[in-house]
Amino acid sequence: MAVIGGSTAGRKARWTFVDLLIVAYALIPVLWTVSLSFKTAASQTDRNFFPSEWTWQNYKDIFATNEFVRALVNSIGIALISTVIAVVLGMMAAYAIARLDFPGKRALVGVSLLIAMFPQVSLVSPLFEMERQLGLFDTWPGLILPYITFALPLAIYTLSAFFREIPWELEKAAKMDGATPAQAFRRVIAPLAAPGVFTTAILVFIFCWNDFLFAISLTSTERSRTVPAALSFFTGASQFEAPTGSISAAAVVITIPIIVFVLFFQRRIVAGLTSGAVKG
Amino acid sequence: MSHVLDRPSTKPVLSEGKRAERRLGWLLCAPAAIVMLAVTAWPIIYSVWLSLQRYDLRFPDDRQFVGLANYAAVLSNGYWWTAFGVTTVITVVSVVIELVLGMLLALAMHRTLVGRGLVRTVTLIPYGIVTVVAAFSWFYAWNSDTGYLAALFGAEAPLTQRIPSLLIIILAEVWKTTPFMALLLMAGLALVPDDLLRAASMDGANAWQRFTRVMLPVMKPAILVALLFRTLDAFRIFDNIFILTKGANDTSSVSMQTYNNLIRGLNLGIGSTMSVLIFVAVAIIAFVFVKLFGASAPGNDPGGKR
Amino acid sequence: MAEIVLDKVSKRYPDGALAVSEADITIADGEFIILVGPSGCGKSTMLNMIAGLEDISAGELRIDGERVNEKAPKDRDIAMVFQSYALYPHMSVRENMAFPLRLAKVDDATVRRKVDEAARILDLTQHLDRKPANLSGGQRQRVAMGRAIVRNPKAFLMDEPLSNLDAKLRVQMRTSVSKLQKQLATTTVYVTHDQTEAMTLGDRVVVLRSGKVQQIGSPQFLYDNPANLFVAGFIGSPSMNFLPGTLGEGELMTALGPVTLSDRVRRLVEAAGAPREVIAGIRPEHFEDVALMDADHAARSGSTFTATVDVLESMGSDKYAYFTVEGETAASAELDELAADSGTADTGATPGSQLVTRLSVTSHAREGEPLDVWFDADKVQVFDPSTGRNLTYAG
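Chains as they are written, first to last, in full-length UniProt numbering: chain A, 1 to 280; chain B, 1 to 306; chain C, 1 to 395.
Simulated from the structure, these hints should not be mistaken for laboratory data. Treat the hints with care, as some may be off.
What the simulated footprint calls covered on chain A by chain C, stretch by stretch (three residues with Cβ under 8 angstroms from a Cβ of chain C suffice, anywhere in the stretch; the number is not a length) [claimed, not checked]: (1) 52-58; (2) 72-80; (3) 175-184.
Each computed DSS-like pair below joins lysine-lysine, with the alpha-carbon atoms no more than 27 angstroms apart [stated by the list, open to error]: (4) C:Lys105 <-> C:Lys168; (5) C:Lys131 <-> A:Lys12; (6) C:Lys114 <-> C:Lys182; (7) C:Lys379 <-> A:Lys172; (8) C:Lys71 <-> C:Lys105; (9) C:Lys319 <-> C:Lys379; (10) C:Lys212 <-> C:Lys71; (11) C:Lys114 <-> C:Lys179; (12) C:Lys131 <-> A:Lys172; (13) C:Lys168 <-> C:Lys319; (14) A:Lys172 <-> C:Lys71; (15) B:Lys220 <-> B:Lys291; (16) A:Lys172 <-> C:Lys212; (17) C:Lys8 <-> C:Lys71; (18) B:Lys246 <-> A:Lys105; (19) A:Lys172 <-> C:Lys154; (20) C:Lys131 <-> C:Lys168; (21) A:Lys172 <-> C:Lys319; (22) C:Lys114 <-> C:Lys154.
Quick reminder that beta carbons are idealized off the backbone N, C-alpha and C, glycines included.
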């Protein structure tokens, strides 16, 4: 593909330049945070892009505080549980949408679409009040519930797009080859559906990991505050010190899983994001 | 023939299968539908109810039904309209910039001769990164104490002035969401057959004409879907403003205002009123998109997007 | 190996559509039978019912005398080759072919032996470790066949297995399917819409139209003695010419002039109680250039007309001459359906008005010039336009 026609060295050089621009665009803000996280407290205000002195102190500090460690545990736990539930529920619904014919299917697709575009802040006031009454305020389930809700449309779309791509005739073929329905599912359909499910799980996890509005509105203590919310409550090591170093170090820590996903599953994430949008 | 195939004997047997399919369909969708409705539809109704009451958690004993008084209060309040204006400006400006930049980025990702995988990988980083993390990066970059960008541009505390603050908010928003726009547009680009472009160049179209006369019309459905999604998403902007300015110097968005009234002010009545108003505004935007531009939401109308 | 009997088998869908109506077919042990018909005629539904992939609404399906209506596909011991091949993309060729055996809990050594043997028969030995995505169309088709034959089923069901191959490969695979079936002598039900496959492959052909069996018989019998207009028009390429005609005293009047019917044809028509207005059918090969014939013989055995050659196609072995016939075109529901299926309804060409003749290669016919053409009066078939029945049916 890359060498169709007369791709001259000049064109390659031009594209290399464009690529470098894009890489710089994407990476500079990230590198800046990394740089801040390695700066010593004294050099934080030198306004230079690169640290003049490197230190691990900021990382040591945040891992020594309960504030951050607890938030990290909350973030991981809440995002994982939400992802698992949203993907399982989404799988069931997406299978029905992709494979079965039943009245109300269009309504379900419509509703999930509405929710995908829903102004989340509109839910903050009623949820705040309802969760206080139900005793869910400032608990894990109190965040998991809205996360599942807003992750479901994403999960249903992506999964039904993937499920539609599965050659379901293979199920028939497996039956003709002597498989029971359960065997046909386990040995033929499941291996083919797994990549789509995995991709969806990544997208849903990123979504839950990213949330700030619910995290800051529906929590009030360290008990269930996730890292993005906790960051805005960080204070410096002393009263006179800005929390720049700690915030940057914590920011880098919660960016690591994102970088890992992107590096290893780039192709899948792109496929997942675009499949729902184009093929519907 | 009819003595074997008479309907009374065959139809119940057949519709059994159909009924089973329906039942299974409903059964599989029920959990997702119930969760979605319980956590959105019910709270929305509840927030309409709350918005009709005077309900301040600092004075819980004063709770009473006040009809549309809260709406009158919010709609006659200058802060609300300022926030509404700020939100609209941020939405329009950032979506326009994202569309142009996103299209360029999509073309680059689609056409680049070198490092296609690398380009696609790095562009996913802004998409995936936690918004708050990115917002802090911009905050420290423009902060007068720590910022390399503030130093570079010689700006005196840009985050304490209104216009520079808004520009930085838009910059943060555009940086984060352009890759998502680009990915959606790239999927649209993949729908333009190469042969169509070759045919256009045989017909004498230059590169610009091929782009405007062939690619854009074919991509129109994908562009509209991307615009609709991003407009509604931009309208609920919160994270970036919260971190960058906390809404100071009249840079508050409607989401920010709602949050302030609700969590800071603990005024559930006013907060709920704002929630309902934002919901209505978003519904109007979606309606306008669908009616005016004929944008078809994904999955809604297969014919609309080829 | 098995005998398969369809006893008044019907399929009605929940929306009330009747896909197959009271099909009565007895497929002998080891027989190669073809189900053919235009799209939507119910042939695939019939195959799926035999497979057990679709329920039977009424009637009985017996395999080796045993009712199997209620049996799951896996308990019928039947293998199927799908149009799309339905190869499992995540398994290698070897795993694909071994899959039915593994499900049947056959031991490893036997699996290996049987897969190797099937691979050898189908010339797939060097591809056993590849994934389906890396195979050519013909190789995939052979893997699908291999997966069907490894477990020695009672019968093979094939659903248009060659329709995704290009023309040349299709001819090649056609002969190898035929050879393989003879070698294994396994009962085979083969669905196709390609009438060439129908003619060349099967022991017997079942022609279907809107869910109803039109005629069952050997390919040659169907060609020579179609039971009705539909079978006459569907079997044969190029297809039979149809002209409206009027029956008189031992004579048939058509746009090609009067024809004196042969004694054989006259007796059949009389016995059938034919109406006055009929449709005459003549196959392209029953025409000839008069200049190449003995004048006496021509006059005695047939009828002659003169017309201008519209188009002449020289095929090397024969020449096809196309004429336009003045006057009305033959009209019937069956002919309309055939035209719709072959797509000629959309091309603007009215099928009834064009006459296709196959002439000897030595003919001096030229485009745009008039030609004297003879046709065989004994080979004229006469149809009832209202029912479509062949009034000259000799079966």
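So, against the hints stated earlier in the document, which numbers end up violated here?
1, 2, 4, 5, 7, 18, 21
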